[in-house]
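Chains as they are written, first to last, in the numbering used here: chain A, 18 to 351; chain B, 953 to 1161.
Derived from the structure by calculation, the hints contain no laboratory data. Please note that the accuracy of each hint is not assured.
What the hints assert, rightly or not - In silico DSSO-like pairs for lysine-lysine, Cα to Cα no more than 30 Å straight-line:
#, chain 1, residue 1, chain 2, residue 2
1, B, Lys1045, A, Lys148
2, B, Lys1130, A, Lys163
3, B, Lys1076, A, Lys23
4, A, Lys200, B, Lys1130
5, B, Lys1130, B, Lys1100
6, B, Lys1045, A, Lys163
7, A, Lys148, B, Lys1107
8, A, Lys20, B, Lys993
The primary structure of each chain is shown beneath.
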Amino acid sequence: MRKPKKLLNDLNNVRHEVMQGLVYAYNGKLTAITDYCAVYGNHIQADQVVIISGGGSGHEPTFAGFVGQGGIDGCALGEVFTSPSPDQIIEVTRAIEKGKGVLFLYGNYSGDGMNFDISAEILAEENIVSKTIRATDDIASAPLSKIADRRGVAGIMFLYKIAGAAAQLEKYNLDDLYRVVNKANTYVRTIGVALDGCALPQSTNFNFELAADELEIGIGIHGEAGLRRQAMTSSDDIVEEMIDRLCADLPFNNNDRVCVLINNLGALSNTELLIITRKVGIELDRRGMISHDVVVGHYCTSLEMSGFSISLFKLDDELQHLYDLPCHTLGWRK
Amino acid sequence: MNLLQVREMMLFTAEKMVESEPELTALDQVIGDGDHGIGMKRGFAAIIVLLQNPNFNAIDIGDLFNQIGTKLMTSMGGASGAIFGTFFRAGGKSIAGTTDFNAETLSKLLNDGWQAVYQRGNAKPGDKTMVDALAAAAKTATELTSAKLTDALPKIVESAMQGAENTAQMIAVFGRAKNLGERSIGHKDPGSVSMAFILKYMNDYLQTA
Chain A
18 MRKPKKLLND LNNVRHEVMQ GLVYAYNGKL TAITDYCAVY GNHIQADQVV
68 IISGGGSGHE PTFAGFVGQG GIDGCALGEV FTSPSPDQII EVTRAIEKGK
118 GVLFLYGNYS GDGMNFDISA EILAEENIVS KTIRATDDIA SAPLSKIADR
168 RGVAGIMFLY KIAGAAAQLE KYNLDDLYRV VNKANTYVRT IGVALDGCAL
218 PQSTNFNFEL AADELEIGIG IHGEAGLRRQ AMTSSDDIVE EMIDRLCADL
268 PFNNNDRVCV LINNLGALSN TELLIITRKV GIELDRRGMI SHDVVVGHYC
318 TSLEMSGFSI SLFKLDDELQ HLYDLPCHTL GWRK
Chain B
953 MNLLQVREMM LFTAEKMVES EPELTALDQV IGDGDHGIGM KRGFAAIIVL
1003 LQNPNFNAID IGDLFNQIGT KLMTSMGGAS GAIFGTFFRA GGKSIAGTTD
1053 FNAETLSKLL NDGWQAVYQR GNAKPGDKTM VDALAAAAKT ATELTSAKLT
1103 DALPKIVESA MQGAENTAQM IAVFGRAKNL GERSIGHKDP GSVSMAFILK
1153 YMNDYLQTA
């Protein structure tokens, strides 16, 4: 059986080395709180609400790679696929909060939820006001009737984009920021497909295995089981089903303006990704939907998982205005 | 038991939990994402460092457990760090001022720790989590508050181990195992095994001390 092959150094130092890589790549625009494995941008202004995220490592550039102007402000890095602990979240909040409050914006996972909630409770005792939004864009993780149980995946970058523009550039207060990001959260939908699993750095095995002629629809970004496994088929067939499922869920309709993210989960070739992108365009055109922006590449990965996800984000006038403002982050420049 | 003895017991427990990593990892690879054993090892390795530090100081036994909880919470991360950290912090606070650790204070630690874990994560008995081991242990402890600790703890451990064993028949409703649905049947919840192991190693120390 094939074994994971990884180019790493100290297995106990993975997240710190990721953080050091980020600091160098940001080239002066990012500050690390080394002892707490947390980072914040050097763009933060005194009169803004700050946006803080966090999550397990292994999804780069999500989450910390979206710190920057027009993106999020601070981020706590957990171990691979493990939520950060409260002390990390608390330290980065203390370092950057300006008295206008903080929006905690992260993916909806039980570990992240508990650790951010503990942090919010402790920070409240220090009179730091916070609100929380958990991204819930993965349509395969729970039915629409239980949308609050859905996991957050690649679509969170659209929420970061809206939040960063609203807080930093339009100076929304905390209540308005919460309102607009919450609205955006209800307008994002994602679905993923895997051809092969991924392995934790410490592990000698892949976290799941698919047969040579098999793929899985609805996969999560930690290898969570999807909707079903099926025989390999053509790229067009798979994309058509994914778009069908996405459009039925919100639903997305004729004349809707959407932003589209075709995300590489890790090891799929960009050749395949563009062939997928082509079909996404055909399907959205066929439905009469307006593609306002199309983003293609590695944005929310799952270590070396071979696969991809498609996200759709519906815009209204307010969201479109915020979306079109610039952002300068490592993961996404616009 | 006095403060020094409880501290030694928890140091022994931490060492045994670190040694249990491969077993916990194997359980979690079947049902979760394989990081539970690694997280517990990270947490209890930090407890060893904490308790071996000559400058470590706990005011009383409640404070000792509270500090253990804080260290677990900050060193582990993940759902396990929040849950096991909350358990020890809340359990420790509930017996603040304690200088003699006995069956009654253990019962209070387990029961108040359980309530705090429920408030944090909303898991009830039957949800296939560490609560299944903890609740079983707490219920048995409630019935044995007037027994000697050396008599009570083995029975509490037995209940916790049975509680962990029972999770194999449950369908997961929390965490990554949730997505397995009925496919989670037949596999024990790694968190419940960790909870039972902690009590088991505390007892192992107690019976040989």
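Violated constraints from the hint list, given by number and in increasing order: 3, 5, 6 and 7
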